[in-house]
Amino acid sequence: NAGVTQTPKFQVLKTGQSMTLQCAQDMNHEYMSWYRQDPGMGLRLIHYSVGAGITDQGEVPNGYNVSRSTTEDFPLRLLSAAPSQTSVYFCASSIGGWGEAFFGQGTRLTVV
Amino acid sequence: GQQLNQSPQSMFIQEGEDVSMNCTSSSIFNTWLWYKQDPGEGPVLLIALYKAGELTSNGRLTAQFGTTRKDSFLNISASIPSDVGIYFCAGPISSGSARQLTFGSGTQLTVLP
Numbered sequence: 035n036a037g038v039t040q041t042p043k044f045q046v047l048k049t050g051q052s053m054t055l056q057c058a059q060d061m062n063h064e065y066m067s068w069y070r071q072d073p074g075m076g077l078r079l080i081h082y083s084v085g086a087g088i089t090d091q092g093e094v095p096n097g098y099n100v101s102r103s104t105t106e107d108f109p110l111r112l113l114s115a116a117p118s119q120t121s122v123y124f125c126a127s128s129i130g131g132w133g134e135a136f137f138g139q140g141t142r143l144t145v146v
Numbered sequence: 026g027q028q029l030n031q032s033p034q035s036m037f038i039q040e041g042e043d044v045s046m047n048c049t050s051s052s053i054f055n056t057w058l059w060y061k062q063d064p065g066e067g068p069v070l071l072i073a074l075y076k077a078g079e080l081t082s083n084g085r086l087t088a089q090f091g092t093t094r095k096d097s098f099l100n101i102s103a104s105i106p107s108d109v110g111i112y113f114c115a116g117p118i119s120s121g122s123a124r125q126l127t128f129g130s131g132t133q134l135t136v137l138p
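Each protein sequence line maps, in turn, to chains A and B. Residue 138 in this note's numbering sits at position 104 of the first sequence; the count goes up by one each step and never skips. Residue 36 in this note's numbering sits at position 11 of the second sequence; the count goes up by one each step and never skips.
Just so you know, the hints here were simulated from the structure itself, not pulled from any lab data. Computed from a prediction, not measured in an experiment: that's the story for all the values here. The beta carbon of each residue, even a glycine, is placed where N, CA and C say it ideally should be. A couple of the hints might just be wrong.
Claimed, not checked - From chain B, some residues computed to sit far from chain A (all C-beta separations above 10 Å):
1. Asn83
2. Lys95
3. Val109
4. Gly110
5. Leu134
6. Val136
Unchecked claim - Restraint-style ranges between C-beta atoms, simulated for each label pair:
7. A:Pro117 / B:Gln39: 22 to 30 Å
8. A:Gly130 / B:Ser35: 19 to 27 Å
9. A:Ala116 / B:Gly78: 42 to 50 Å
10. A:Met53 / B:Ser107: 28 to 36 Å
11. A:Gly130 / B:Ser52: 26 to 34 Å
12. B:Ala77 / A:Gly37: 30 to 38 Å
13. A:Asn99 / B:Ser82: 41 to 49 Å
14. B:Ser107 / A:Glu134: 18 to 26 Å
15. B:Gln39 / A:Gln56: 40 to 48 Å
Chain A with its partners taken away, still in its complex shape:
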């Protein structure tokens, strides 16, 4: 019963470093998305995918890249980390973009 699995749980980066946040789901959901959570801001959509090979930008896409080569995986890449990207990142999957989304446990990222 894995659901949505995110790795790593915690990460500290130096400004300018790159890294990939991993997300995998085993529910055969077509729709996957990445959110960032900042205090008082709720969850803001970074990028989403409606199926393998298809991605699109959300509300706050700058500084992040995504790709979707399989139904199961949806990695989020930070090409050159900035302190403004310090946040908690959540991956979610759902049958469609309109209903219940299942979330991973989150990745707490600190950029120093």
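Given the structure of chain A, go ahead and fit chain B onto it with the hints provided.
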């Protein structure tokens, strides 16, 4: 930007008290979702509402889909310590190539013993 206005931002209540929170929008929503986030975890769906005027319960939780379709309410009765967390409302919006969920800024609930 944020299309859902959630209030209050935070609440401190005594164990056993009832809690009410709400979510409003300037746009019409066809679905309202209420999520709870425990500390250090991802949000989990509590209640989904799909019809204007709908009233749905899940244990001590009751949520209502406002008749104007621009608001929703969540009530928790007889609060207990494990109710602590952040409660989010969410609804689908059309943007880009598909609909996506947008979230309110959350209500942080603290239950005092």
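For this structure, which hints from the list above don't hold up? 7, 8 and 11
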